[in-house]
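J.: Read top to bottom, the protein sequences are chains H and G.
With my numbering, the residue at position 227 of the first sequence is 226, and numbering never jumps.
With my numbering, the residue at position 124 of the second sequence is 694, and numbering never jumps.
These are calculated hints, taken from the structure and not from any lab test.
It is possible that some hints are incorrect.
[Said to hold, decoys possible] Here chain G is said to cover these stretches of chain H; the calculated rule only asks that three of the stretch's residues, wherever they fall, bring their Cβ under 8 Å from a Cβ of chain G:
{"id": "1", "stretch": "71 to 77"}
{"id": "2", "stretch": "159 to 166"}
{"id": "3", "stretch": "197 to 206"}
{"id": "4", "stretch": "210 to 221"}
{"id": "5", "stretch": "265 to 277"}
[To be verified] In silico DSS-like pairs for lysine-lysine, Cα to Cα no more than 27 Å straight-line:
{"id": "6", "chain 1": "H", "residue 1": "K176", "chain 2": "G", "residue 2": "K626"}
{"id": "7", "chain 1": "H", "residue 1": "K50", "chain 2": "G", "residue 2": "K795"}
{"id": "8", "chain 1": "G", "residue 1": "K784", "chain 2": "G", "residue 2": "K795"}
{"id": "9", "chain 1": "H", "residue 1": "K50", "chain 2": "H", "residue 2": "K143"}
{"id": "10", "chain 1": "H", "residue 1": "K176", "chain 2": "H", "residue 2": "K50"}
{"id": "11", "chain 1": "H", "residue 1": "K117", "chain 2": "H", "residue 2": "K50"}
Since we're looking at a predicted model, the values are computed, not measured.
Virtual Cβ for every residue (Gly too), placed ideally from N, Cα, C.
Residues per chain are reported as follows:
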Amino acid sequence: MSYSTVQDRAAARPVAPAPSPRRSRKPGRRREGPQFRGLVSPHTLTTTRGKIVYWVVMSVVLVTFTAAFVFPLYWMFTGAMKSPEELAQVPPTFFPETLNWGVWAEAWDLLDLGLFLKNTLLYAAGAWLFTLTFDVAAAYALSKLRPILGNVVLALMLSTLMIPPTVILLPAYLTVKDLPILGWNLLNTPWAIWLPAVANGFFIFLLKRFFDSIPRELLEAAQIDGASPLRILWSVVLPVSRPIIGVVSILAVVNVWKDFVWPLLVLPDSEKMSISVGISSLSAQMPQNVLIAALFIASVPAIVVFLIFQRSIMAGLTAGSLKG
Amino acid sequence: MSTMTVKGSRRRSPGATRRSVSRNLTAYGFLSGALICFAFFSWYPMIREFILSFQKTNFIDPPEWVGFENFETVFDDSAFASAWLNTATFTLLALVFGYVVPFVFALVLNELRHARAYLRLVVYLPVMLPPAVAVLLFKWFYDPGAGLFNQALDVFGLGPLAWLDSTDTALLSLVIVSTWMNLGTGTLIYLAALQSIPSELYEAAELDGAGLFKRVWHVTIPQTKLILLVMLLLQIVATMQVFIEPFLLTGGGPENGTVTVAYLMYQYAFSFGNWGGGGALGLMLMLVLIVFSAVYLRVSRDRT
Chain H
0 MSYSTVQDRA
10 AARPVAPAPS
20 PRRSRKPGRR
30 REGPQFRGLV
40 SPHTLTTTRG
50 KIVYWVVMSV
60 VLVTFTAAFV
70 FPLYWMFTGA
80 MKSPEELAQV
90 PPTFFPETLN
100 WGVWAEAWDL
110 LDLGLFLKNT
120 LLYAAGAWLF
130 TLTFDVAAAY
140 ALSKLRPILG
150 NVVLALMLST
160 LMIPPTVILL
170 PAYLTVKDLP
180 ILGWNLLNTP
190 WAIWLPAVAN
200 GFFIFLLKRF
210 FDSIPRELLE
220 AAQIDGASPL
230 RILWSVVLPV
240 SRPIIGVVSI
250 LAVVNVWKDF
260 VWPLLVLPDS
270 EKMSISVGIS
280 SLSAQMPQNV
290 LIAALFIASV
300 PAIVVFLIFQ
310 RSIMAGLTAG
320 SLKG
Chain G
571 MSTMTVKGSR
581 RRSPGATRRS
591 VSRNLTAYGF
601 LSGALICFAF
611 FSWYPMIREF
621 ILSFQKTNFI
631 DPPEWVGFEN
641 FETVFDDSAF
651 ASAWLNTATF
661 TLLALVFGYV
671 VPFVFALVLN
681 ELRHARAYLR
691 LVVYLPVMLP
701 PAVAVLLFKW
711 FYDPGAGLFN
721 QALDVFGLGP
731 LAWLDSTDTA
741 LLSLVIVSTW
751 MNLGTGTLIY
761 LAALQSIPSE
771 LYEAAELDGA
781 GLFKRVWHVT
791 IPQTKLILLV
801 MLLLQIVATM
811 QVFIEPFLLT
821 GGGPENGTVT
831 VAYLMYQYAF
841 SFGNWGGGGA
851 LGLMLMLVLI
861 VFSAVYLRVS
871 RDRT
């Protein structure tokens, strides 16, 4: 047994977000000291010509990135605050002439954003809970309990990675509409989001690869003390698996938050819609400025969450870098 | 794993058998939640996809096996060829922009010594927005009158363009939105890959007199070859499923100019009520994408 764990551990190592060189540096200042270099040699950067070129490139990049990725957000924010007449004006004004603060409340009420946000939160929270419970338990069983046919089960789960979700959209919808054997109709219930979210081969892959790297001796010690498998999972495996749990949690929540097609199909009732589906379904009937305000409100949670969890989100991105 | 039964290899004592049974029962208890979800929402739909595409069904009468009739219906549809052509064009254009640009961004960002945290943050910001929000935002930018893009073109004395309303630019407009909201992922992944390239390689190349572009070509690209290949495959699989852009921006128009396979599949089922035809389209898309996915899984397994 112990032979295979050594290999598995080596394979699993990239998953644990190793302290990246970036993290150790002081915020905002140059990093890694003199050894680091990229394409351009540090020597070139000390020459006058090198410095000029560097600062020209630096400024161009700064301006381009700000224009491409920040300016649209500024335009959205100010566009929402303009009056409908000013919004339709050609050429447009850079700063709004009058600030229409009332538009935020108007968008909130007209589009029922409170309800949509609450729904989305409910879907994301439930999907997170079910995904973590079921996928962690399954990966633990496959990695540490190793039942008969465990490898077959794992292969079947990983094989779903080959099937992109869009291509089984129609049969998946029909399944949710009339669950085989049980005959339940899950449309317009949160279960239609929660349960399919669990069936994620990539999460099983990430979790199992991490659990494989936990030394067997650690579990055996607990086993000798008479701990049950559940107890071992809870008090031994989970505490050391925090990095991967964090990555899977973020991915699970973000997946639900960003998804559009699936909630569009399985939650058609306007009382049950997620925020993306809700806004887009009402977009045609709304005045332009109200719609833009709603779009801005819908982006705020995503941006705030990103600013708070930036580091873990980016770590998760490169940790599971094989699936974007 | 056969190595694990070393202790009880020949003759098991009754106690060992009981332990083994109980271990298996516990294991399947832990697996049950995930197994049920996979069975209902992944494995069964995969099988149902095949059934669906060879049946005629209206959900009232019992479904009827019709052989390849659904496929013939779909082939005869004039939108069918457009859908595949548009999907292929979209994927190609999305690669030209969405594959090359992030790599170039990462190369440049890796050289800069200032504002690194800001630039990394900003490039990833659009990825965090819900795609529906980003797409609707661009719908407003594409407005032929007061939209941001035509106004910006006007500053340079260009335009105005019809963007979504013209067959010449509609598909390109979809590619632009899609690239804008996705390129942060690629940029950050390449950036991480670039930082693992040993400095000595660049130093050695420099001593050999290799210029900047030669260093990119002979050091950077070979060193990041695998991640480049993996990302290429992932991106092909992701962009070929394009749905939300035509759904929210153009409704497939003008003149089927932006109908994609996934969108046509949706239309067959939910607009025309022809689930067999939709199933046939889904099956075709599945077979194409499985090829790319399988290569991707192979390549990425070799990497780890």
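J.: Hints the structure violates: just list their numbers, smallest first.
T.: Violated: hints 4, 7, 9, 10 and 11.
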